[in-house]
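**Q** This is what each chain is made of:
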Amino acid sequence: MTVSAEPTTNPTTNPTAKEVELRAYLAARMLPLSLLLAILVGCAAPLADYVLTLHSLRAQAQTRAEQLAAVIEREASERPVLWHYDTPKLLMHVHANLSQQVEVRIVDRNGRALELGRSSSQLPDRLLWASAPIKIDGKPAGFLWVGLQADQALREALLLLLPFGLLGLGLALLVYFLPLRAMSRAESQIRGLIARLHQSQRALESFNQTLEQQVEQRSSELQAANNELRQKEEHIRTLSSRASALQEAERRGIARDLHDSAGQALTAIRINLQLIEQMAGQQAFVEATASKTMAMTDATVEEIRRAVASLSPAILDDFGLAVAVRRLCDDFGERTGLEVAHSVELSEEGCSPAIETAVYRMAQEALTNIKRHAAAETVEVRLWPEQGRLKLEVRDDGKGVSPDEVARATSRPPEQGGRGLHGMRERCELLGGTLRIDSEPGCGTSVHIELPMV
Amino acid sequence: MRRKPVFLWAAVVVVVGAFFGAATFAIVNAAGDGVGPDPTIRGNTGAFVEPRGNEERLFLAGSGSNLPLTRALVDAFVAGHPERAKVVVFESIGSSGGVRAARDQAVEIGLISRSLREREQPYGLQVVPYARVAVVVAANPSVSDTNLTRDELVEIYSGRRTTWSDGAAISVLQREQGDSSHAAFARVFPAFARADAEAYAAGRFRVVYHDRAMQNALFVTEGGVGLFDFGAVQTQGLALRLMDIDGVRPSVVSIEDGSYPFYKDLSFVYTSESGKRPLVQAFLAFVASDGGQQVIRDGGYMPLVGGGQ
Ligand SMILES: Nc1ncnc2c1ncn2[C@@H]1O[C@H](COP(=O)(O)OP(=O)(O)OP(=O)(O)O)[C@@H](O)[C@H]1O
Ligand SMILES: [Mg+2]
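Chains as they are written, first to last, in this note's numbering: chain A, 1 to 454; chain B, 1 to 309.
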């Protein structure tokens with residue numbers, strides 16, 4: 001678009017100039033041709049007429065000269081000595097019989113002009129001359145010249161010039177203006193076409209512009225929507241983290257209550273039952289019942305402890321994540337008899353409670369899965385911060401699991417089968433972290449978790 | 001801007017130039033080079049016949065009317081002086097030719113049958129009238145009529161009357177305008193002069209230019225009629241029919257007594273230089289002598305020498 005826009009802006013002023021030039025171009029070439037036509041048509045016939053008339057006048061003069069020379073010769077032969085003096089009279093009367101305006105001169109053998117006695121007052125300066133020899137006794141005695149006026153021929157030619165000039169002019173005007181008219185008609189059509197071309201060009205340009213604007217608008221809208229989406233996502237994330245924190249707080253509350261009230265009460269009940277047992281030692285039935293009740297109470301206490309522990313790892317509140325994970329590993333090793341190596345390099349407690357809980361729970365789940373599925377002999381647990389993020393690695397040397405199984409377990413809905421791995425993934429994603437499980441059947445399993453610190 | 005069609009204009013200019021060049025060539029070709037007669041001497045002041053120094057000669061030339069009498073005089077003059085053979089009377093060259101020839105001294109004596117014209121005055125010629133002759137209406141011998149009235153004469157020349165009284169056709173023979181015979185009639189008979197001039201302008205009749213030609217024409221033309229000199233008829237004894245006008249017969253006597261009014265005077269003209277020549281003086285003396293006067297009278301002329309000059 002930008003490429004085509006440049007040449008179109010420049011010639012926008014040119015076409016009108018070019019159109020005008022087209023007609024002017026033709027006019028500039030038709031003008032000399034028309035002029036030529038006018039001159040040729042206007043002048044050819046009068047000139048031809050003039051030339052022909054001159055020819056015939058000259059022939060007339062020649063004939064007249066020969067006739068007069070014959071008359072003079074006849075008379076002169078009778079008076080060979082003094083013919084000069086007789087000739088003027090003769091000529092004067094020959095003249096009187098001539099209808100035409102004729103000038104006659106006679107020049108003798110020696111180049112002397114004869115005095116012809118005619119009035120030489122009206123001597124026209126332009127005459128057509130012709131001559132004939134005068135012979136006396138066969139010897140040349142002089143020349144007789146006849147001059148005819150060519151004025152009439154010129155006047156005739158000039159008269160002819162008028163109609164032929166008009167004809168030439170008319171033809172020239174026709175030849176000049178007919179093509180010019182056709183040209184201007186064609187030109188106006190071309191002008192119309194060019195105007196339409198410009199119109200569509202402008203339309204195209206404006207269409208382009210609106211298209212660009214639309215694209216821009218759409219992309220900015222899209223950008224806005226994207227931003228909004230991201231904001232919402234962020235919002236949801238904070239909401240969900242706040243929800244899990246709330247949940248956690250509630251759990252801890254319940255756990256505390258259970259521990260502080262039911263646990264205390266049950267402990268008190270057990271102490272009472274112990275006293276009862278000691279005091280009614282003799283009575284075997286009471287003793288037995290009390291013992292049974294005590295056992296039941298122990299079981300209940302144990303049960304409640306376990307529930308409390310499972311509801312909320314109170315150890316997190318009391319000692320922090322590092323201690324909690326170390327003790328979890330120790331407890332796990334004790335309970336299962338497996339060799340658990342752990343390295344926890346977390347020095348400061350900079351994590352939010354939700355993160356701590358999630359890490360703790362996921363470590364629990366990973367260890368539980370090892371106990372349940374891995375048939376491993378050694379377990380290695382590592383927890384350390386790295387570039388502002390918290391990393392947890394739980395590795396075993398058990399039988400491992402196929403990647404397909406892992407994929408299925410992490411993505412399947414909770415209704416079908418185990419939901420441990422799925423839960424781990426959910427926790428990670430809710431907090432903006434990642435979960436990776438590296439495993440091959442027979443080669444052990446390692447679980448990598450990465451979470452933001454806060 | 002587009003270039004102006006310079007080459008087109010140049011082509012047009014070339015074509016138009018070629019066209020007009022060709023036209024000019026054609027015109028010049030048709031009109032000739034425009035060069036007329038180019039006499040080496042203009043104004044014609046020289047003589048066409050060179051005077052021969054002091055050689056004794058007497059050339060005479062001029063009006064045809066003078067010739068019969070002048071020849072008779074010359075014959076008589078030469079007869080008395082056989083040693084003077086160098087005397088020539090040339091054929092008619094008209095009064096004007098005679099004046100010019102005398103002026104140029106191509107001849108010693110010019111012969112005129114009219115008075116000098118105004119433009120001939122500056123030539124400084126001496127005029128010597130020597131005879132008066134009746135101008136007659138002469139007819140072909142076949143014509144039977146002997147008398148014409150002035151009215152009949154006018155009718156004939158104006159073309160209204162075309163037959164003689166015997167029914168034969170009239171054939172008028174005219175002299176050129178300005179002829180002395182015509183002038184003799186015009187002087188006293190304007191109606192005739194008008195009719196004659198009109199006929200001449202209309203080209204109605206045959207025109208002859210010399211007395212000799214008139215004489216011949218009158219003899220050969222059946223029913224022909226024309227103005228002629230009484231003296232010429234008398235001198236040469238011509239058998240032409242001479243008309244009485246209003247009953248008056250032309251003769252020396254009728255001129256002398258004034259009853260016949262149509263006549264003309266014959267004169268010699270010569271330059272003062274020619275006048276000093278002995279032969280000229282001798283000839284003029286002879287004409288004035290009794291012998292000369294007798295020759296004039298015998299020829300049917302009325303002598304004027306002594307009365308004139
Ligand atoms: N450390 C391990 N070594 C070998 N196999 C394991 C290990 N951890 C998990 N698995 C396999 O992955 C499966 C999925 O475990 P998951 O924790 O999701 O379910 P579960 O342990 O079977 O049930 P739940 O955890 O819900 O009580 C297990 O059934 C087991 O086959
Ligand atoms: Mg599990």
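Keep in mind that the hints are not guaranteed to be accurate.
[Stated by the list, open to error] With a cut-off of at most 25 Å between alpha-carbon atoms, the simulated DMTMM-like pairs for lysine to aspartate or glutamate come out as follows:
1. Lys399/A <-> Asp317/A
2. Lys86/B <-> Glu78/A
3. Lys139/A <-> Glu198/B
4. Lys4/B <-> Glu187/A
5. Lys86/B <-> Glu248/A
6. Lys135/A <-> Glu91/B
7. Lys232/A <-> Glu248/A
Just so you know, the hints here were simulated from the structure itself, not pulled from any lab data.
Small disclaimer: the values here were computed from a predicted structure and weren't measured.
**Q** It remains to establish, for every hint, whether it holds in the given structure.
**A** Now the hints, each set against the structure:
no.: 1; hint: Lys399/A <-> Asp317/A; verdict: violated, 36 Å
no.: 2; hint: Lys86/B <-> Glu78/A; verdict: holds, 20 Å
no.: 3; hint: Lys139/A <-> Glu198/B; verdict: violated, 40 Å
no.: 4; hint: Lys4/B <-> Glu187/A; verdict: holds, 20 Å
no.: 5; hint: Lys86/B <-> Glu248/A; verdict: violated, 188 Å
no.: 6; hint: Lys135/A <-> Glu91/B; verdict: holds, 18 Å
no.: 7; hint: Lys232/A <-> Glu248/A; verdict: holds, 24 Å
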